[in-house]
Each structure stands twice: as structure tokens, then as C-alpha cells.
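Novice: Sequence:
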Amino acid sequence: MKVFPAFLLLFSITSSHLHKRDICNVESFHDPLIDDGPAITDALEKCGGSGSVVFPANQTFTLRSPVDLSACRACAIRIDGRITVSPDWDYWEKQFAVFLISNASAMVVDSPDSTGIIDARNFGWGGGSPPQARIPKLFSITDSSYQIHIRDLKITNSPGTAFFIGSQASAVRLYDIDIGQSTSGVREGVVIEDSNHVYVWNNTIHATDACIKVLPNTENVQVEHSTCTISIDGPLNTEPSGININFGAQSDRNWIRNVLVRGLAAVGSMNVVSFQAPPDAVPGSEFEVTNATFSEFNISGAKRAVLLEQGEVSLNATLVMFSQIKGEVETQDPEGLKCKHESDVCDFRVLDYLFTLDVEKAHDNNGTNLLQHIVAKEVQGIPDVSLSLEN
Numbered sequence: 001m002k003v004f005p006a007f008l009l010l011f012s013i014t015s016s017h018l019h020k021r022d023i024c025n026v027e028s029f030h031d032p033l034i035d036d037g038p039a040i041t042d043a044l045e046k047c048g049g050s051g052s053v054v055f056p057a058n059q060t061f062t063l064r065s066p067v068d069l070s071a072c073r074a075c076a077i078r079i080d081g082r083i084t085v086s087p088d089w090d091y092w093e094k095q096f097a098v099f100l101i102s103n104a105s106a107m108v109v110d111s112p113d114s115t116g117i118i119d120a121r122n123f124g125w126g127g128g129s130p131p132q133a134r135i136p137k138l139f140s141i142t143d144s145s146y147q148i149h150i151r152d153l154k155i156t157n158s159p160g161t162a163f164f165i166g167s168q169a170s171a172v173r174l175y176d177i178d179i180g181q182s183t184s185g186v187r188e189g190v191v192i193e194d195s196n197h198v199y200v201w202n203n204t205i206h207a208t209d210a211c212i213k214v215l216p217n218t219e220n221v222q223v224e225h226s227t228c229t230i231s232i233d234g235p236l237n238t239e240p241s242g243i244n245i246n247f248g249a250q251s252d253r254n255w256i257r258n259v260l261v262r263g264l265a266a267v268g269s270m271n272v273v274s275f276q277a278p279p280d281a282v283p284g285s286e287f288e289v290t291n292a293t294f295s296e297f298n299i300s301g302a303k304r305a306v307l308l309e310q311g312e313v314s315l316n317a318t319l320v321m322f323s324q325i326k327g328e329v330e331t332q333d334p335e336g337l338k339c340k341h342e343s344d345v346c347d348f349r350v351l352d353y354l355f356t357l358d359v360e361k362a363h364d365n366n367g368t369n370l371l372q373h374i375v376a377k378e379v380q381g382i383p384d385v386s387l388s389l390e391n
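In the working numbering, the protein residues as written are 1 to 391.
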């Protein structure tokens, strides 16, 4: 074994004739006033090419500046210890993200023993919910990054977006991640825009705005066997969603295709699935949603199962199906989903759609109390649609 002094590189490198992969152990300064980011960068420069970078257990690492993980190519980043973000709001509100992954490929970030914790410490924000536009993302995966796997982590006190996936990223997999509550509220668990082949499996997400948000120019998104819990700790501009299909504001990004959400447990007052145009959407613009399947949901205490708010956007929705959706809701329009404009294509299909209205909160659109079961039968006599996603 060859060990470099800690004051030079703050990591050790282990070489073996049996294993060609270099291993770099990042050593913490154990001082919250010193940035461990440069030591992480040094380790990535040495072992980022098909090697391994390890954050040892029983150590706490402090980040006082963003860390670019993009040098990790065909490499593994193992987080066994605890990574904390400095509580310096004046600094962090000017940063886009804490962990940057740009044009990277074949990266695995994980905690095999499930001991890895990332604590954003609310970026030092002291009271209430911080302004959304100024909150840095925790992870930003962009610029055609490919085959990025992140798993087995626990994330706490991240008040903004935990994972942002955009700019033609593809084959991104997030699984076995616990995105926990924070004192100011986790806004969004995963936001996907202008990307394809994104897989979210077996995650637990606590949020105040949306657990999963899908933005335009995105296709092949698969969310399975995850739990979405909405907790409202402060005022919100919009009703929270479990899965938000967002029509966006840009007329040149006008479609979302091939979405599968299956086996979702939705807990809390939310619109479990929402199709929404933002307030700044271009009036008269056209938006396409094609081949989206939502199935095997268990809902507890939700406001609505499905909400459609298209504003002045012309909607072309085809092969959008809901099946085996059951649970407790506060409100449900018995007439189901209806598009706003006569020229819209409104191909929503509903099968096995069973709800019990909350005894205390249940009401219809006129405010009338409805203490009964609502069973929505198949809207259109169209056979089942199967969704196939390519790797």
C-alpha cells in the first residue's frame, strides 16, 4: 500500500495487481469551518477514471462550496460517512447546485451499507420557506450525462430540489433513496426536464410542492414502488402534487411522452397526479402528452386523485390511462377529466378507479358533503395499453 500524507492530498490510494481500479479515501478535516471540497476534487482527479472515491464511515465532511463530480467516468463514489453543507445562505443562494454532474458517464454514487447521509442544513436559511428561485439544487445532472446511478442514500434538510435532471441527460437511475423532511420543507424530490430514460425506483420522498415533476421535452420516465408524502409546513402558491406533469412555458418545448408510474403510495393532502400549465404558459400554445400510464396507486388523505389545469394551452392527450387507483380523497369530480377547449384531444382512460371520500372533508364541486363511495367506470371502451421503456 502506498499512502500519501494527509497534508498533501488528504486521501490515500490503494493499488493491487488483482484490482486495477484505484481507490481514493477522502479524509475529512473534521472542522466545519474548513471546506472539504478541494480534497474531494483531488480524489476525483486521481481516481475518477474507472476508480473509486470513498467517503469513509464515521467521518463528517463539510462542503462550503459546490463540488463538480463530472470527472467521475466509469467510476464509483461510495458515501459511507456524513456530508454536510455549510449553513451560509448568503453564499448558497448564489449557487446553482451543491453536486454538479455535467456530461459525465457511467457513474455510480451509493452507500452499500446504507450509512451515507447528505445533510443540506437548509443552506443556512433561518426562517419559513426560502424563495424557490434562490434555493440551490442538491444534485444537478445535465449536459448529456449518461448512465448515472444514485442509490441507497439518505438526504435531509434540503429545502429545494433534491435531484434536477436536464439538458439531454439519459439513463439516470435513482433508487432506494430516502429524501426526508426538513425544517423548511423539501420542495421537490425529483425534477426532470429535456431528458429521457429516467428511472425512479423504491424511493421515499417527502415534499411540499411535488414529489416528482416532469417538465417538457421529456420521454421515457418510469417511477415504481415509491412513497410520496406531502407535508405542508408553510404557505404554498399552488396545491401540492405527487406526480406533476407540467406543460411548461416555452412554446418550443411542447411534449411529454412515455411515462409509467406504478405502485405509488401517496400520503397527505395533494393532487396525486396533476396535469398543469404554469401561469406564464404561452396562450394558444399546443402541448402533447402521449402514452402515460398510472397504475396500482394507494392513496391516503389526498385532496384529489387527478387534476387537470391546462389554462389557455391547447392539449393533445392520447393514451393516458389510470388503472387500479384506490384510496381516500377529499374531492373528486364525478364527471372525470375534461379538457377545456373543443379542439383539444382528451384521450384519458379510467379503469378500476375506486375512492372512499374522507368523512370529514369530502365534498363535491358544489361543496356538498358526499359520504359515499365513488366508482369511476371506464370512460372510453378502449382496451388496456401497455408501456414499454427501453434501456
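The hints are simulated quantities; they were obtained by calculation from the structure and are not laboratory data. Among the hints, a few may not be true.
[Said to hold, decoys possible] Computed Cβ-Cβ distance ranges for the label pairs, DEER-style: (1) D90 with S343: 24 to 34 Å; (2) E224 with G124: 33 to 43 Å; (3) L351 with G284: 29 to 39 Å; (4) K338 with H30: 58 to 68 Å; (5) P279 with A57: 28 to 38 Å.
The structure presented is a predicted model; accordingly, all values stated were derived computationally and were not measured. All C-beta atoms, glycine included, are put in the ideal place defined by N, C-alpha and C.
Novice: If a hint holds in the structure, say so; if it does not, say that too.
Specialist: Hints and how they fare:
1. D90 with S343: 24 to 34 Å: Check failed, 50 Å falls outside 24 to 34 Å.
2. E224 with G124: 33 to 43 Å: Because 35 Å falls inside the window, the suggested range holds.
3. L351 with G284: 29 to 39 Å: Since L351 and G284 have Cβ atoms about 33 Å apart, the given range 29 to 39 Å holds.
4. K338 with H30: 58 to 68 Å: holds (60 Å)
5. P279 with A57: 28 to 38 Å: Taking Cβ atoms as reference, P279 and A57 lie about 47 Å apart, which means the hint is violated.
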